[in-house]
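*Asks:* The residues making up each chain are set out below.
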Amino acid sequence: MAELTYREAVAEAIAQEMRRDEDVVFLGEDIGAAGGVFKATVGLFKEFGPERVRDTPISEQAILGAAMGSAMTGLKPIAEIMFSDFLAVCWDIVANEIAKARYMTGGQMSMPLVIRTANGGGSRFGAQHSQSVENWAMMIPGLKVVAPSSPADVKGLLAAAIRDPDPVMFFEQKSLYPIKGFVPDGELVDELGTAKVLRDGGDVTIVALAAMVPRAMKAAEELSAQHGIEATVVDVRSLVPLDTQTILREISKTGRLVTVEENPRLCGWGAEIASIVADEIFWDLDGPIIRITTPHIPLPAADALEDATMPSAERIVREIVENID
Amino acid sequence: MATKPKAVAKRKASATSSAKSSVKSRAKAAPKRVAKAKVSRANDDIGEDTRLALWRSLLEIRHVEQRAYDLFLQNLVKGTSHLALGQEAVAAGFATAMQKDDWSFCTYRGHHHTLARGASMEGVLGELMGRECGLLKGKGGSMHLTSVEHGAMGSYAIIGAHLPIAMGAAWTAQYKKTGQVSVCFFGDGTTNIGAFHEALNMSAVWKLPVVFVCENNLYMEYTPIKDVTAVHNPAGDRAASYGLPKIVIDGNDADEVYRTAQTAFAKARAGEGPSLIECLTYRHSGHSRADPGDYRPPGELEAWLKKDPVPRYRERLAEFGIAQDVIDGMDAEVLAQVDEATEISKASPPPGLDLIDVDVWADGGTAWRN
Ligand SMILES: Cc1ncc(C[n+]2csc(CCOP(=O)(O)OP(=O)(O)O)c2C)c(N)n1
Ligand SMILES: [Mg+2]
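Just so you know, the protein sequences line up as chains Z and L, in that order. Per the working numbering, the first sequence runs over residues 1 to 325. Per the working numbering, the second sequence runs over residues 1001 to 1370.
Careful: at least some of the hints might be erroneous.
Cut-off 30 angstroms, straight-line C-alpha distance, at most; resulting in silico cross-link-like pairs (DSSO-like, lysine-lysine) [claimed, not checked]: (1) Z/K253 x Z/K218; (2) Z/K39 x L/K1267; (3) Z/K46 x Z/K100; (4) Z/K100 x L/K1176; (5) L/K1246 x Z/K100; (6) L/K1100 x L/K1267; (7) Z/K39 x L/K1207; (8) L/K1078 x Z/K100; (9) Z/K100 x L/K1267; (10) Z/K46 x L/K1177; (11) L/K1176 x Z/K46; (12) L/K1177 x Z/K100; (13) Z/K46 x L/K1207; (14) Z/K100 x L/K1306; (15) L/K1246 x L/K1226.
Hints in this document: simulated from the structure, not taken from any laboratory.
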């Protein structure tokens, strides 16, 4: 077991897969010689060279178009979109082209590609460099959507995404890049579509994703220590496919569901989970579902404002204490 | 030889057929010999076999498109469709110059390009009619014709998207050193969208084996391209921005298209990077099924019908000494094929409803949860 940062785990996963499979190639802005603006791809250019790790112009449509065209003709590209907010300038390629190609052509095309992107807030970057947009991707049929919360999950899930024969949107939470965690030695390949139970408790089930996972864990410790409330924490990890079996099972056990979402309120992934819960395990619930989200506003930049808007451990504790006896 | 902006004017002399003969070229095929320098078969760089392949391709497209229009009038073609009547030579010329394993990408106006790569007529007509025998089993429709087995890598209905995608296929060819070329067809209007410029720049920087082919039919939908474009030649005049030569050709002359394609493909296969080729052409019908084309100035269509690529090529074949019965025989043969494909398509059932729940994912399914 080595201790790695979340950003080092990104480079490790890509290197692991590029060593294994010559068809894996990587492209994006400043990813090569510069090692990425978040330094998440350091070392790849040196090891694999400019033909496999290709720096591109500031041309997001060209980056994703190149990924799509190369994927349908035999490569397994990984494309980086520097900030997930920038997906808006190439969303056509994601939503209209990549996601639909197989279905629309009656199964003639394959799209084995990964789009990696730095997602989410907490870095005081303001509303155009901080959005949490995994729900944009979740609502498009044909995309797999993954958002890891720890270095080990980054490595294992990114490797699985690269091996997956379908297009995967891989959302790295940028405020997590410096966090450290133990990652098993040797080849690591996780499984897409699997949620993880990180903590067991009998009173309430907190379902969280990416940067909200460490906050939910902190809140759970606080609830236990200060309020005698024991929480189960489920890390969703993968929005598509969604591991409803694990999620529903863990909610049924406690009878209470709290989702913690970084997205603005409307159409966050937690709303979808709440809807599935209402449909399928309504009678297992002992009280209303609580969704903790960012308010429905563009994220403000100043630290005081950003901290007050994104769900924090304190807010999770408060909401649970106020609403769950 | 490809850099010939004046080519259109030069070729005008050989366009003599009437508007009538363009539409019913099969019925009356007795074109007058054009009074021009005798062409010698000995000097023919294209050769009889290729000429006949071009002729067959032109005929297949012309007859299938006319049939598509008839079927639309009978309410058998559903949804929209964008015919390429008048633009056949671009597809025939490029596809004939392509190798089997080259890749082509086109737009919603893509029946001609899909047919030219060898996709079956019933695959095309059946898809337009929403039948099981369609190329996409009815799941894509007229705007998305694709036949991966023929290298026809899709018809794209969002303007500009497929330029970077075609570039990506060229990246595969370059990376794997396969010698394949990726060819991308699009309209004049497409030169004004960002993806065009992103793809041209990156393809040039990466020296990719991709050939971008602009079919300049003078209109973006209903608006004349000159009213919305800062340069005279929407593709040609942009080439310099990407370090590429300006290539503007007569897109209604199948031979000229074929020769230009060969040159561009040779350049691409030699590792010398992309080409951008503007083919001047004209669509005989409206933009899409419901469009009567009233925005066209009087006389414009008539003038272009005189340059109709199909009767023009019929004459060309005669000039090169190909026997009239061979020329006409192929025409009749293709029309019979179209009749047969029409019957197959009409007899084909609607797609089974089980198709709804397949092929979102590589495992064949559509599940988004366990
Ligand atoms: C991004 C986008 N904007 C607008 C349209 C609507 N549209 C469809 S075809 C067309 C005109 C395209 O003109 P051109 O590129 O010259 O191709 P042509 O139809 O002449 O073959 C437009 C505006 C679209 N499909 N996609
Ligand atoms: Mg046009």
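*Asks:* Hint by hint, note whether the structure agrees.
*Replies:* Now the hints, each set against the structure:
{"no.": "1", "hint": "Z/K253 x Z/K218", "in the structure": "holds, 21 angstroms"}
{"no.": "2", "hint": "Z/K39 x L/K1267", "in the structure": "violated, 38 angstroms"}
{"no.": "3", "hint": "Z/K46 x Z/K100", "in the structure": "violated, 35 angstroms"}
{"no.": "4", "hint": "Z/K100 x L/K1176", "in the structure": "holds, 26 angstroms"}
{"no.": "5", "hint": "L/K1246 x Z/K100", "in the structure": "violated, 35 angstroms"}
{"no.": "6", "hint": "L/K1100 x L/K1267", "in the structure": "holds, 18 angstroms"}
{"no.": "7", "hint": "Z/K39 x L/K1207", "in the structure": "holds, 28 angstroms"}
{"no.": "8", "hint": "L/K1078 x Z/K100", "in the structure": "holds, 21 angstroms"}
{"no.": "9", "hint": "Z/K100 x L/K1267", "in the structure": "violated, 33 angstroms"}
{"no.": "10", "hint": "Z/K46 x L/K1177", "in the structure": "holds, 22 angstroms"}
{"no.": "11", "hint": "L/K1176 x Z/K46", "in the structure": "holds, 20 angstroms"}
{"no.": "12", "hint": "L/K1177 x Z/K100", "in the structure": "holds, 29 angstroms"}
{"no.": "13", "hint": "Z/K46 x L/K1207", "in the structure": "holds, 22 angstroms"}
{"no.": "14", "hint": "Z/K100 x L/K1306", "in the structure": "violated, 41 angstroms"}
{"no.": "15", "hint": "L/K1246 x L/K1226", "in the structure": "holds, 18 angstroms"}
Checked against the numbered hints given earlier, the structure breaks hints 2, 3, 5, 9, 14 and satisfies all the rest.
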